[in-house]
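**Q** Below are the chains, spelled out letter by letter.
There are 4 protein chains.
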Amino acid sequence: MTLPISADLIAEHNAAQAAALEDDYGALGRKLARAGIDINAVKDRVAAFSVAVPSWGAGRGGTRFAKFPIPGEPTNIHEKLEDCAVINQLSRVTPRVSPHFPWDKVSDYAALREEAAGLGLGFDAVNSNTFQDQPGQAHTYANGSLSAQDPGARRQAVEHNIECIEIGRKLGSTDLTVWVGDGTNFPGQQDFARSLDRYLEAASEIYAALPDDWRMLLEHKMFEPAFYSTVISDWGSSILAAQELGPKAKCLVDLGHHAPNVNIEQIVARLHRFGKLGGFHFNDSKYGDDDLDSGSINPHQLFLVFNELAEAEANPRDGFRPSYMIDQSHNVTDPIESMLSSAEAIAQCYAKASLVDRGALHAAQEANDTMMAFQALRRAYTIDVSPILAKARVEAGGACDVLAVYRQSRYRDRKAQERRAVGLGAGIV
Amino acid sequence: MTLPISADLIAEHNAAQAAALEDDYGALGRKLARAGIDINAVKDRVAAFSVAVPSWGAGRGGTRFAKFPIPGEPTNIHEKLEDCAVINQLSRVTPRVSPHFPWDKVSDYAALREEAAGLGLGFDAVNSNTFQDQPGQAHTYANGSLSAQDPGARRQAVEHNIECIEIGRKLGSTDLTVWVGDGTNFPGQQDFARSLDRYLEAASEIYAALPDDWRMLLEHKMFEPAFYSTVISDWGSSILAAQELGPKAKCLVDLGHHAPNVNIEQIVARLHRFGKLGGFHFNDSKYGDDDLDSGSINPHQLFLVFNELAEAEANPRDGFRPSYMIDQSHNVTDPIESMLSSAEAIAQCYAKASLVDRGALHAAQEANDTMMAFQALRRAYTIDVSPILAKARVEAGGACDVLAVYRQSRYRDRKAQERRAVGLGAGIV
Amino acid sequence: MTLPISADLIAEHNAAQAAALEDDYGALGRKLARAGIDINAVKDRVAAFSVAVPSWGAGRGGTRFAKFPIPGEPTNIHEKLEDCAVINQLSRVTPRVSPHFPWDKVSDYAALREEAAGLGLGFDAVNSNTFQDQPGQAHTYANGSLSAQDPGARRQAVEHNIECIEIGRKLGSTDLTVWVGDGTNFPGQQDFARSLDRYLEAASEIYAALPDDWRMLLEHKMFEPAFYSTVISDWGSSILAAQELGPKAKCLVDLGHHAPNVNIEQIVARLHRFGKLGGFHFNDSKYGDDDLDSGSINPHQLFLVFNELAEAEANPRDGFRPSYMIDQSHNVTDPIESMLSSAEAIAQCYAKASLVDRGALHAAQEANDTMMAFQALRRAYTIDVSPILAKARVEAGGACDVLAVYRQSRYRDRKAQERRAVGLGAGIV
Amino acid sequence: MTLPISADLIAEHNAAQAAALEDDYGALGRKLARAGIDINAVKDRVAAFSVAVPSWGAGRGGTRFAKFPIPGEPTNIHEKLEDCAVINQLSRVTPRVSPHFPWDKVSDYAALREEAAGLGLGFDAVNSNTFQDQPGQAHTYANGSLSAQDPGARRQAVEHNIECIEIGRKLGSTDLTVWVGDGTNFPGQQDFARSLDRYLEAASEIYAALPDDWRMLLEHKMFEPAFYSTVISDWGSSILAAQELGPKAKCLVDLGHHAPNVNIEQIVARLHRFGKLGGFHFNDSKYGDDDLDSGSINPHQLFLVFNELAEAEANPRDGFRPSYMIDQSHNVTDPIESMLSSAEAIAQCYAKASLVDRGALHAAQEANDTMMAFQALRRAYTIDVSPILAKARVEAGGACDVLAVYRQSRYRDRKAQERRAVGLGAGIV
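Chains as they are written, first to last, in full-length UniProt numbering: chain A, 1 to 429; chain B, 1 to 429; chain C, 1 to 429; chain D, 1 to 429.
Chain A with its partners taken away, still in its complex shape:
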């Protein structure tokens, strides 16, 4: 295994930080011990946590107005894997990459899997793309894909998803994430019920092609690219679709795909309550599907989501095996830095949720002691868990301060010399 960042650089950095880390970790350990918590047990739990990164997240994102590329951006799956390897090498929390097809198509998937393994990476959920037309494509998705009126477009979309499953098997994936851009921009454009009927019929053909140990993750989204209605617009539509498809169909929650003000942590609890919580696309948002860095806008919400996940893990009614992925559009930062920072924010919330005194929480809930129930969460949220994360990372060979080491490595500058430039444009490709 050859990792992109110099192990010596990491080691030197960690050595320089060691005394401070020990001081902070020790103090936090004493504080937690006074509350009856063993910090090492928490650290071990945190060390076992991971979240996938999407291959496409390694490139700069854009809007319909513009995209501003940076020197050294990756332009193919091989370069993207290399960048993902940097993220995981430093953070030790992102060991899997989620590929997207046809963007990441190669001729030899066994070789790609080996290439990834050589970088310390595996593959996570496979993502299909039926929201764009590819050059030479027989049927357009301009009027929808799985829900399209045109049977040819539906057939093409089904076959593409089945092909994604085939590729995923070669890569070692066990999840297919299905997000479609299908929807309408005008009242009356399509019939709501018949669109859903068509979607369900097409989705059931994909479902039928799933291997036994695979799951089909349905991702809902309120709007964009369709701006009046979306065929799977909310968790209600998503769970009803998953129910009709069968037990291997689950719901995937993207934190930016909801109506304003919606209580997302309650949606997480509802999906688990009804046996359909499949996974997450982590990001943050202020206005819509902004795809901002996880926890950059509302870290407390992210904590509350993890609090529900901790509750679900403790009460696995129909099982608990959520898939976690970062899904962000890095329009104004170096994507590697954003994913390093985001993975840290996500792991912090996971750690904080682990620190909640669930006994005290449940006792307060049962006694209708609202203030103490809230304080049980607030106490955990207030704790600075950075030393726990840094300790786990350093012990696994990662960097104490991930951004500092990344900058010192001058990785991007080197890639700017090696890689071809990306042109101006708009959108996500």
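Source of the hints: derived by calculation from the structure; they are not laboratory data. Nothing false has been slipped in among the hints.
With a cut-off of at most 27 angstroms between alpha-carbon atoms, the simulated DSSO-like pairs for lysine-lysine come out as follows:
1. B:Lys105 x B:Lys170
2. D:Lys248 x D:Lys105
3. B:Lys31 x C:Lys31
4. B:Lys170 x B:Lys248
5. A:Lys31 x D:Lys31
6. A:Lys105 x A:Lys170
Assemble the complex: chain A is given as a structure, and chains B, C and D must be docked to it using the hints.
**A** Then chains B, C and D, alone, in the frame of chain A:
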């Protein structure tokens, strides 16, 4: 049957308007005939349409800040029925009253039913109240009702609902509408999953007490009176609860109980698609559960809802029998005038939805002809259907211009002399 | 003047519709006469109304995810002008085109002006573009334009705007519309106050270059392309900036650039009250800056905006000269059809606002007669004004049914033969 | 000075916590020292921070649906002062009470001021009430107050505000906070421009009565109790009104009075940029004006607001003297506990904002180093500042753990014995 408004007054008014109405009706008839539509058939359809009014809507509403009463407000169910009789006498579209308990409790329900019949009124869905404590109540609802931690509160709430069913049977109702204020104001206050478990268990006891021909209408609401979470917060929670309860449980949509920007007409279509569309509480909103007059803010949305209802009626997958009620808070108007105006707005949208050329709409949808699909709706929405409504009303004995006759009748002034004054206060009671 | 659509085709169509139009117009005239309104006076007022179309609106729009082109799309300003000429020829309500630079750059603007005049078109507000980088550009706008930290980027943005003014003078424009994409995606990314200082300083340089009879229209937008903050995010920021710049600076309202639930018609009234109402970008939205067809989602809101404009016209405190433009992204329709339909929707609202009985409205407002004040608006909104618009159009040489004639003309099919194809892509260019 | 909670109880509690606090404070001090920050300087800054509490906040709040009182609630200003004294005694951060009239009317204000001083309290901004009718009032506010059509209602509202100033002078206040419920529930109900004209004319009469060293704080609100429009609905209306009134008029920001998704911290920066930032009503919200406990929903937003305040303090363009008050509706908790918890949350955000490395932040902003600018904020937000707050509190005589001591004191139980019960009801009174 003795109705509150002088039949002579109505007749005189209608006579004075007759020529103008004939002119307008004739012109619209010719216009529709050119599009292949028989105006009299539409008029007959409109004449068969009705919507219930809530007994409590006859009084002035208020906010948590203040309530500003008006002279002549009703203060008991008898006075409320009288006011509802005015609305129906003039509009001929609101023949049923939806009672609320304990607010409308009387000692003799058979007599009440007879009293209503004497005013030309019947009873619609019965509404229970477990969001307020009543003097002398054994268990408080401060911490919830059907979902409360306290078994005593849950039991009391179940029994109250069963009592409502008993009263409803005496009044001729066949629906029980269940809305609870249960929820939380703090993260952690209650466990989302266990709250819902308790709700479902309690609701199933009520369900078990339903007569065979009754339905239980579950009303969801995003927020207020709880401001962090609500146990049945959205249509997703509502339909999953209705699925667990059984076939007699259906979902009720209040137009003001959704997150901002949500596509309500699609929710209506989804509920019908999955066999759970139970009914509506009509009102309008700009910001939240504003309980404004139906169609006063966004009449096009109301039309689009009725367009889905027309589609559902034409495609009754698992049957189609929605319950319609006005549910508004008349804070700044005479409640009778607001309900007259609202009933007109609702009937207009019903009539416009009836005018949509569904053949053209479906053909355009099937051809992905977005503009013509939209125009099929827009053409119907643009038509001024007032002459159709007025004609149907006049033929049924109502008033050509309902507000004009109501004002001429000086009904409220007379009541202000007869009835006792309502004190200052806040809130809905 | 050679117009793109056959005058014979239009004449034949109008002749076939003439009897029906006379019947409808006559009936509406009698109805209005009963309310004391002269339909011909309203028709003359409507005939004098116009709204500009943007050159870029002639092409299919897209999202960051995809753009689905259609055969026959225009690819340069000459083809765009031709399409705009179709819209105006049929609708007779869109005689001006709003150009965008550098997209519409040509070598000879006098010739372009003549070319437009030959198609029956003039030029409206000039639009600058500092939200995208152009090939070969010296300074990037990746970190902002008028508010950028980099003085070179600011200078470049100022000079581009001044160049737009120069071009506009040659084209006969008298307005410069300034919208910038400047903003941030992260808390802390920029200092809110210093960003605005820089924006104001740069904007004042552009302001200084305005000819005496020109206006500078500041367009605010809540979000997109920046997703945490925007330098001119709302009408408050916009009007304060316009106040600092001077009397020729006014505010431009785009209907899709506001926070959810905001009362846009009140914003219009506020801008007029403080002397800063400059103009509109008309479109509709359900979720964000959806750029949907005007009036397709909430036509009542559009009517209420025009009601404020009618009030402002009647009470021109500091003058009343708003600039009107359609600004939509036609992602799923033929742009010509969308602009024909939208221009109709806008003119309908203008006509309805003209029908409001302002005497009755004001009297009801003064008497706190809420219901009758509302009914004064509702009565006008309910009227089907189509016959008035059609009559005005036909008299001016346009088509009775604009979409029908456009389809009969097979204009797009012909252009699909003539014009080069547009490639796949994403975004607005 | 006789304070309500036993000093011995506090001392015992603090002694028991002393060792743990020293350990935590010491560790944090070493961590901050490594970043070049002197923890004692931060502690001193925190010790000087304070926020007012509203007299009415001492009682349980409610909604329009219900209010659920608790035993021992205060029912007059004297009991409210006693409860406020508890909050300040334990937290040492709430030394001022903001009174509300007519709710807090007494016959002798000099005595009331003395009574408060005896409890360690002073008076903050005076609040007028023109959103409710009081028994015996000459003119109703049903149709507005400062903006009412009725000159009598306007005159009455002006005089009431002037009376509030008079009372405030006796109590030692120097701010008058003006919030009106004026607005509309229907399109057309009032003319937007004329309503504002009347508001401004009436407000200027109040302004004229302000003593030289007083400020008039204008509080805007998007909706509720009016649900279609509000006369001072947003910061744009507020600042334009404040500009017209004069230099003593400033804008007050309530965190729950905005449209969904709005960037409140930017509004704070804008108000300061234009010299009109007057103060805050702290609370939190998820859906509307939920009046939830400060920082309970989105503590990061509260931090970002304080970050802007720290920037403003460092750059006092036209001075910087904001007024801070907690303004919450304690519907489901003991109000004392909620205010203790909220004051802690507010002080935490103040402390975290003080820890931001502004040099690093500004350098990153100037270098367009987005990630490092964000990290400058994130580093400060991540720190657990509890030891700093506890240390400052203990040194001032407050409690190390405010809620723990409050519960041990059994204060509420004692008051439940002493005070008369509050009846059932709805709303805020």
